[in-house]
Amino acid sequence: AAASVGILDVDLCGPSIPRMLRVCRPEVHQCEAGWVPVYTDQQQNLALMSIGFLLEDPDEAVVWRGPKKTALIGQFVRDVAWGELDILLVDTPPGTSDEHLAVVENLRKHKIDGAVLVTTPQAVSTGDVRREITFCKKTGVQILGLIENMSGFVCPHCSECSNIFSKGGGEELAKLTGSEFLGSVPLDPLLTHSLEEGSNFLQAFPESATFSAINNIAQKLLLHMKDG
Amino acid sequence: MADVPSDAPQHCPGTSSEQAGKTSACQGCPNQSLCASGAAKAPDPAIEEIKVKLATVKHKIVVLSGKGGVGKSTFSANLAHALASDASTEVALLDVDICGPSVPKIMGVEGEQVHQSGSGWSPVYVEDNLAVMSIGFLLGSPDDAVIWRGPKKNGMIKQFLRDVDWGELDYLIVDTPPGTSDEHLSVVQYLSAARIDGAVIITTPQEVSLQDVRKEIRFCQKVNLPVIGVVENMSGFECPKCKNTSQIFPPTTGGAERMCEELGLPLLGKVPLDPRIGKNCDEGKSFLSEVPDSAAALAYQGIVKSNYSFSHSSSQCSV
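Quick note, the sequences are listed as chains A and B, same order.
Mapped onto the UniProt record's numbering, the consecutive letters of the first sequence carry residue numbers 1 to 228.
Mapped onto the UniProt record's numbering, the consecutive letters of the second sequence carry residue numbers 1 to 319.
Where hints are given, some of them may not hold.
In the DMTMM-like style, the derived pairs of lysine to aspartate or glutamate whose C-alpha atoms are separated by at most 20 Å in a straight line are [claimed, not checked]:
hint, chain 1, residue 1, chain 2, residue 2
1, B, LYS222, A, ASP59
2, B, LYS222, A, GLU197
3, B, LYS285, B, GLU110
4, A, LYS167, B, GLU238
Not everything, but these chain B residues come out facing chain A in the computed CB check (under 10 Å) [as the list claims (entries may be wrong)]:
hint, residue
5, THR23
6, VAL57
7, GLY150
8, LYS215
9, GLU283
Across the chosen pairs, the derived CB separations fall in these ranges [to be verified]:
hint, chain 1, residue 1, chain 2, residue 2, range
10, A, ALA204, B, GLY120, 54 to 64 Å
11, A, PHE205, B, PRO43, 51 to 61 Å
12, B, SER33, A, GLU32, 32 to 42 Å
13, B, LYS22, A, GLU207, 52 to 62 Å
14, B, PRO240, A, SER208, 49 to 59 Å
15, B, GLY120, A, PRO26, 50 to 60 Å
16, B, LEU139, A, ARG108, 48 to 58 Å
17, B, GLU262, A, PHE205, 30 to 40 Å
Derived by calculation from the structure, the hints in this document are not laboratory data.
Even glycine gets a Cβ: it sits at the ideal position worked out from N, Cα and C.
Go ahead and model the full structure; you've got the sequences and the hints to work with.
Next comes the structure, spelled out in structure tokens:
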């Protein structure tokens, strides 16, 4: 049976997930139990809540200081009627600030399995993710592992591999900090195109190297959650 | 920090916030009625102090993006290097990304220390005419995390603008984290008397990025910050072997070009993906000096010229 998954998008200034899942302009309804999340599929296996749904005008800027962001994230955690979920994924903006603290503080009582950290291969990126690792350690969030994204590009014309954003930095960082390295995901125009259109890349390109990479990571995480 | 008093409760919104005295966190705080009455919202004296301090800074440019990872800091660093390539131009780069301060590494001055003197904090000099300030210099270890809420970040930004001894500058470039939040509001607020020339907004070609750029542009309109223009980064990749170009981040809705046409904003330029850009950033070298004949370097140079024109035409209109 398919797992039932919820995504909570707490990137309040730049909420991208609605577009990526092709659910841009629905309305958020209230029920007795709270806000009803938006379902991205007929079977209601994938639910999403994002500030993107609460804006009248999609180009409207959310120019909020920390306390207001903290308050909304608290509401998202408390007042969304997720129903029975196997997994709740929380997507955060970059940083170690209000949003991240709000998520940890509000979810702590519901038990956080852990955090997945995403980096690109170069040192400039891993340099910031080191600090993110410290954030997790300081806030008591277990690190499920690191992912190296945008890891190499295979030219669709001649198959030459170019390491546009360098390579290997994510794996090195995992070693350096004693975290598990979950895997690398390559740069793939087919993936970015799918995200633009909100189409399901995994369904459309199951033979691709990118699919394998993402699937392997997902399987590792599912194992963690079974053991955890 | 003056914004969050020492007797403030947890989650204090800050005395100069719109929410001062009004949030649930304010219940029971000894300052609640003072804040709610608006008395604490008198203009921050630091705004005038910063105006005086930055009177010796001719041009101030803020680099913004809606999304993370689009190349803001890379652009800010390259802009700083390009402007400073003329030895008679004094340039400084201020990094207000408090949680993810990349600028020291990109500028090749990671691990340097900041010193205090009678005239304030001295920035770190990359060249005689190119200075950098970042919270990165104040952190003891590359693992140190700055786990600060908004008010504390705002206080740091105020200090950077008021207490750094920048000296005489032709250009102060302010590199920001992605978004439209505390850091951005604080930069605009604290520089409100000192006058910012304008903002350069960085994007990648896809709609997922552009949809956040439109919000960033709205932010600029809201706070009366002129937009110098938009830079489209990661604009195509030419395979070094077969020379075919791939749109790794596809401009499915026309890219920055169409968005700029629709909004009546200048497209300052399009910078292609080039592995040497990231490599030089990692090594703390100037991409423009190392690979000056590359398509990306030529694109950057064109963008820098547009910035220069904007700053010099707007200065003719300055009060």
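Taking the hints in turn, this is what the structure says about them:
1. Straight-line distance between C-alpha atoms of B/LYS222 and A/ASP59 comes to about 13 Å, which keeps the hinted pair within the 20 Å bound.
2. A threshold of 20 Å between alpha carbons decides the hint, and for B/LYS222 with A/GLU197 the separation of about 30 Å lies outside it, so the pair is violated.
3. Of the supplied pair hints, the one linking B/LYS285 and B/GLU110 holds, its CA atoms being roughly 12 Å apart against a limit of 20 Å.
4. For the suggested pair A/LYS167 and B/GLU238, the alpha carbons sit about 18 Å apart, so the restraint of at most 20 Å is met.
5. For B/THR23, the interface hint holds, since its Cβ comes within 10 Å of a Cβ in chain A; the closest pair sits about 6 Å apart.
6. Taken as an interface hint, B/VAL57 does not check out: its beta carbon lies about 25 Å from the nearest beta carbon of chain A, beyond 10 Å.
7. For B/GLY150, the interface hint holds, the least distance from its beta-carbon to any beta-carbon of chain A being 3 Å, beneath 10 Å.
8. Below 10 Å, beta-carbon pairs count as interface contacts, and B/LYS215 has one with chain A at about 4 Å; its hint therefore holds.
9. Hint status for B/GLU283: holds, given a least beta-carbon distance of 8 Å to chain A, under 10 Å.
10. Range check, A/ALA204 to B/GLY120: Cβ separation about 57 Å, and the 54 to 64 Å hint holds.
11. Under the hint 51 to 61 Å, the C-beta atoms of A/PHE205 and B/PRO43, about 56 Å apart, fit the expected range.
12. Judged by the Cβ atoms, the range 32 to 42 Å given for B/SER33 and A/GLU32 holds: they are separated by roughly 37 Å.
13. As the Cβ distance of B/LYS22 to A/GLU207 is approximately 56 Å, the hint placing it in 52 to 62 Å holds.
14. A hinted range of 49 to 59 Å for the beta carbons of B/PRO240 and A/SER208 is inconsistent with their spacing of about 23 Å.
15. For B/GLY120 paired with A/PRO26, a C-beta distance near 52 Å keeps the hint of 50 to 60 Å intact.
16. A hinted range of 48 to 58 Å is violated for the C-beta pair B/LEU139 and A/ARG108, which are about 26 Å apart.
17. Taking 30 to 40 Å as the suggested C-beta distance range, the pair B/GLU262 and A/PHE205 conforms, at roughly 32 Å.
The structure shown violates the earlier hints numbered 2, 6, 14 and 16.
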